[in-house]
Amino acid sequence: MIELQTQRLGEHEILHAFPAGKGDQPLPVVVFYHGFTSSKLVYSYFAVALAQAGFRVVMPDAPDHGARFTGNEQARLGQFWQILRGSLVEFAALRDALYQAGLVADNRLAVAGASMGGMTALGIMTRHPEVKSVACLMGSGYFTSLAQTLFPPQDDAEAVIASLAEWEVSYALPNLANRPLFLWHGEADDVVPAGETFRLQQALIREGLDKNLTCLWEAGVRHRITPAALDATVAFFRQHL
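Numbering (the numbering used here), first residue to last: 11 to 251.
Please keep in mind that the hints were generated in silico from the structure rather than gathered at the bench.
It cannot be assumed that every hint is accurate.
[To be verified] Between beta-carbon pairs, the in silico distance windows are:
no. : residue 1 : residue 2 : range
1   : Thr16     : Ala167    : 31 to 37 Å
2   : Lys221    : Asn82     : 44 to 50 Å
3   : Leu51     : Arg137    : 26 to 32 Å
4   : Arg216    : Gln15     : 43 to 49 Å
5   : Glu83     : Pro237    : 27 to 33 Å
6   : Gly112    : Gln84     : 38 to 44 Å
7   : Gly81     : Glu217    : 43 to 49 Å
8   : Asp241    : Phe208    : 20 to 26 Å
9   : Phe208    : Met11     : 38 to 44 Å
Every value quoted in this text rests on a predicted model; they were computed, and no experiment measured them.
Backbone N, C-alpha and C fix where the C-beta goes; we use that ideal spot for every residue, glycine too.
Use the sequences and the hints to build the structure in full.
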């Protein structure tokens, strides 16, 4: 049995899932980030599956998503990278709120996400060594190059792309290698190319930094989460959190 609720934590509303009766007890925590134009509620099946496995799951809405959506769909479509950076910057306050509430057991804090959320998870991993393990599903950590083709910034493109560089995996491979990292991608992804995950996998292998890397591919799968991806994510955190 699990419990699932929406509540405020820090400055924003979150989806909060945990094993029944353990809402106030310290537990290993997975912070999970949703995809672009989606919401925490749409991805709540991850919260259910991870809570059933014994974890506390905290799912925030990205800026201008879910409970934070302003209602202007067209404007949001031109703000992908600014929204991503917003989630990256906001992580520290969310982490602090979790610790202040006494919800994290033994510093067992992990981050995961899918699509834009997977990008968020990788970016957080580059700069937050306190995160114990990370799962990125159908994402990319190569922000500055991918921004040239995926939802290119509409205004001040150079400044927007430059602001992402500090979160880039390119400059932080050792920070991705010193903790367990799970990468999953459908080989036929038609939004975020599977080559983005392959590029990171190969970069870590070339540098001899793949000891903590788990990489899983699914043939014929486009830009969607499969039951196998969900199960593999839960199994990864069972082993590494």
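Here is what the structure says about each hint:
Our hint of 31 to 37 Å for Thr16 and Ala167 holds, since their Cβ atoms are close to 35 Å apart. At roughly 45 Å, the beta-carbon separation of Lys221 and Asn82 lies within the given 44 to 50 Å, and the hint holds. Checking the proposed 26 to 32 Å range against Leu51 and Arg137 shows it holds: the Cβ atoms sit about 28 Å from each other. Between Arg216 and Gln15 the CB atoms are about 45 Å apart, so this pair conforms to the stated range of 43 to 49 Å.
Checking the proposed 27 to 33 Å range against Glu83 and Pro237 shows it holds: the Cβ atoms sit about 30 Å from each other. A hinted range of 38 to 44 Å for the beta carbons of Gly112 and Gln84 is consistent with their spacing of about 42 Å. For the pair Gly81 and Glu217, the beta carbons lie near 45 Å from each other, so the given range of 43 to 49 Å is met. For Asp241 and Phe208, the hinted distance range of 20 to 26 Å is satisfied, since their beta carbons lie about 22 Å from each other.
Separated by about 40 Å at the C-beta atoms, Phe208 and Met11 satisfy the suggested range of 38 to 44 Å.
Every hint, counting from the list given before, is met by this structure.
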